[in-house]
Amino acid sequence: MITLQNIRKVYRNGPLEVEALSSINLTIERGEFVAIMGSSGSGKSTLMNIIGCLDVPTSGKYILDGEEVQALDEGKLSSVRNRKIGFVFQSFNLLGRQTVLHNVELPLMYGGVSGAKRTQRALELLDKVGLGGRVKHKPTELSGGQKQRVAIARALTMDAPILLADEPTGNLDSKSSEDIMALFKGIHEEGTTIILVTHEPDIAEYAERVLWFGDGKLLRETRRGSAAT
Amino acid sequence: MSMFESIMVALDNLRVNKLRSFLTMIGIVFGVMAVVTVVSIGQAGQASVLSELSNYKDGFFILYKSVGDGNAKAEIRMRDLSEARKLEGVKYVSSTNSYQMSEMRGKEKLQFIISATTSDMVKMQKVDFVAGRFFNAQEQRARQKVIVVEAAYAEKVYGTAERAINRKVKLSGGSFRIIGVYAPQKSIFGGVGGTQYKAYTPMDSMPDTGTGTGRYLSTLEFLAETPEGMDETIQELKEWLAVRHNAETDDFKSQTGKEVQEQVSSIFSMLQLVIGSIAGISLLVGGIGIMNIMLVSVTERTREIGIRKAIGATPRAIKQQFLIESVILSFLGGTVGAVLGLLVGALASLVLSLPNVVSIWAIVLAFGFSATVGIFFGYYPANKAAKLQPIEALRYE
Ligand SMILES: Nc1ncnc2c1ncn2[C@@H]1O[C@H](COP(=O)(O)OP(=O)(O)OP(=O)(O)O)[C@@H](O)[C@H]1O
Ligand SMILES: [Mg+2]
Numbered sequence: 001m002i003t004l005q006n007i008r009k010v011y012r013n014g015p016l017e018v019e020a021l022s023s024i025n026l027t028i029e030r031g032e033f034v035a036i037m038g039s040s041g042s043g044k045s046t047l048m049n050i051i052g053c054l055d056v057p058t059s060g061k062y063i064l065d066g067e068e069v070q071a072l073d074e075g076k077l078s079s080v081r082n083r084k085i086g087f088v089f090q091s092f093n094l095l096g097r098q099t100v101l102h103n104v105e106l107p108l109m110y111g112g113v114s115g116a117k118r119t120q121r122a123l124e125l126l127d128k129v130g131l132g133g134r135v136k137h138k139p140t141e142l143s144g145g146q147k148q149r150v151a152i153a154r155a156l157t158m159d160a161p162i163l164l165a166d167e168p169t170g171n172l173d174s175k176s177s178e179d180i181m182a183l184f185k186g187i188h189e190e191g192t193t194i195i196l197v198t199h200e201p202d203i204a205e206y207a208e209r210v211l212w213f214g215d216g217k218l219l220r221e222t223r224r225g226s227a228a229t
Numbered sequence: 001m002s003m004f005e006s007i008m009v010a011l012d013n014l015r016v017n018k019l020r021s022f023l024t025m026i027g028i029v030f031g032v033m034a035v036v037t038v039v040s041i042g043q044a045g046q047a048s049v050l051s052e053l054s055n056y057k058d059g060f061f062i063l064y065k066s067v068g069d070g071n072a073k074a075e076i077r078m079r080d081l082s083e084a085r086k087l088e089g090v091k092y093v094s095s096t097n098s099y100q101m102s103e104m105r106g107k108e109k110l111q112f113i114i115s116a117t118t119s120d121m122v123k124m125q126k127v128d129f130v131a132g133r134f135f136n137a138q139e140q141r142a143r144q145k146v147i148v149v150e151a152a153y154a155e156k157v158y159g160t161a162e163r164a165i166n167r168k169v170k171l172s173g174g175s176f177r178i179i180g181v182y183a184p185q186k187s188i189f190g191g192v193g194g195t196q197y198k199a200y201t202p203m204d205s206m207p208d209t210g211t212g213t214g215r216y217l218s219t220l221e222f223l224a225e226t227p228e229g230m231d232e233t234i235q236e237l238k239e240w241l242a243v244r245h246n247a248e249t250d251d252f253k254s255q256t257g258k259e260v261q262e263q264v265s266s267i268f269s270m271l272q273l274v275i276g277s278i279a280g281i282s283l284l285v286g287g288i289g290i291m292n293i294m295l296v297s298v299t300e301r302t303r304e305i306g307i308r309k310a311i312g313a314t315p316r317a318i319k320q321q322f323l324i325e326s327v328i329l330s331f332l333g334g335t336v337g338a339v340l341g342l343l344v345g346a347l348a349s350l351v352l353s354l355p356n357v358v359s360i361w362a363i364v365l366a367f368g369f370s371a372t373v374g375i376f377f378g379y380y381p382a383n384k385a386a387k388l389q390p391i392e393a394l395r396y397e
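Protein sequence lines correspond, in order, to chains A and B. In case it helps, the UniProt record's numbering puts the first sequence at residues 1 to 229. In case it helps, the UniProt record's numbering puts the second sequence at residues 1 to 397.
If you are wondering where the hints come from, they were derived from the structure by calculation, not from laboratory data. Predicted model, so just to flag it, every value in this text is computed and none were measured. Check each hint, because a few of them may be wrong.
Claimed, not checked - Not everything, but these chain B residues come out facing chain A in the computed CB check (under 8 Å):
{"hint": "1", "residue": "Q144"}
{"hint": "2", "residue": "K309"}
{"hint": "3", "residue": "P390"}
Unchecked claim - Computed cross-link-like contacts, SDA-like style, restricted to lysine to any residue with a CA-CA straight-line distance of at most 25 Å:
{"hint": "4", "chain 1": "A", "residue 1": "K84", "chain 2": "B", "residue 2": "K18"}
{"hint": "5", "chain 1": "B", "residue 1": "K384", "chain 2": "A", "residue 2": "G96"}
{"hint": "6", "chain 1": "A", "residue 1": "K138", "chain 2": "B", "residue 2": "K18"}
{"hint": "7", "chain 1": "B", "residue 1": "K384", "chain 2": "A", "residue 2": "G112"}
{"hint": "8", "chain 1": "A", "residue 1": "K76", "chain 2": "B", "residue 2": "K18"}
Cβ coordinates follow ideal geometry from the N, Cα and C atoms, glycine included.
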């Protein structure tokens, strides 16, 4: 479902060049639960942003569902981000001035779902993440864990087949982290492909497959129950 | 995303930044207000002058000798007046001299502006009689001291128009008997330099006019037999005068009622255009204000734009959102400005005693212009927002 071929990402700052990713080859199948680990600055977020169609690689090929992403124009990319990918960020990225409900409705709005159907769907998901009683609140009135649950509800509204999470528990205490991971576990069991970046080994435990990154390279990977390859 | 939703999102954003939205709008408010006010007053003035001119019947024109070219032979004399009456194509001919005179009423000095003319004048102009009549040819020939005064004078001195009939006006040129009272068109110049009452007397009843057929006249006034034949008649009359005075045809000039109307219209249009353009510049400045604020808004909301893009907002949807915001701002400003402009225009008309013309044209112009300003000056910031790379927008602190 996700195929990366020779993906390279170079950041240029004047004369300075930083190679954030060098020659990444990777395939992730439908329904997998993948964790990405590695030291700070090893290129994990860069990779996630490319997979999430928020950023473009300097070179290489990214094939999503048989479609070459580089060939898509901005409009089509928007649609891919809307329908195929749910993104959960470490810093939540909610619209602070809007209600929780409106935040969750946003992807549906851009996806062309309107009226009662949209509100119903958003309420359903807020219920699922345990925030049914907070729909009229603003994100600023919520705790970190609650904010992240709003973000997860938002990522799920369009029934996207892929859920990307870049350190979703990075800003949370261990209790909130456990709640979030329980949610991810359930979502995965419903068939969603999950790719999750984390620094914490016990979070990576939830995944079936762990990719280890270092210095812009995919160093090794482990699968649950098997030794490092 | 539907248009309705875009509008709701835009309204929401404007509501959150109430003060800023209001301040942004002010530029447009004053711009539109200035345009609407100028155009309203201009049109009212024009309507007033034109209605005054519409007193002249269709086919009215004047002839006069051109000045400044030093041709002493070109002249118009009293005998030309009586001869011209017999010419083909001429229905009526007359001549008018104006006099400023005054009457003492107790301690008050009443100013008159008197048109000394022929009895035919009343057939060439529309004169609205409230009481009495115009002087006739006999009275004119007999040089009777009769006068037709305007209603305002009759009402001031005698209370009603009827009571003024047969009373006397004691002017410096003698005592005149009132035989008619008429209501002139309201004039925008009416109030200038204090009240001056208008009146008509027979030409020869004025003192010091001299007598005889040889005396000079400054202009001849005509009513053509038919409006269609007017131009031809004018040409023939010029040639006729040239032959009689051994002068050139070009030494005599003409001006038709229609020409005057056109000139007045074009002068007012010019005035409106010039002042309107100056007012338009303030609209332009208002538009730049909108652009400025929208640019700030885009920068300030870079992260929001990033979030919206990350969850699937198309560049189009983002562009629409910002464009609608600026159009709403300028449109709201335009509405407030148009209302204020109409109010100021109405007030000015009241003070200047002009007809209150609600100019649809000015409103359409103001709205069209403000919407254009909104789109034009909103486009660049909206486009800038739409083109932001999602990841860069999300990283923006
Ligand atoms: N916008 C940028 N401009 C320049 N360099 C960048 C930019 N974003 C990332 N980098 C560089 O690219 C490299 C990879 O960064 P990335 O954010 O992918 O690391 P990471 O693995 O997610 O780290 P962390 O675990 O700290 O989040 C780093 O060296 C970083 O400095
Ligand atoms: Mg990172």
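What hint numbers does the structure not satisfy?
1, 4, 8
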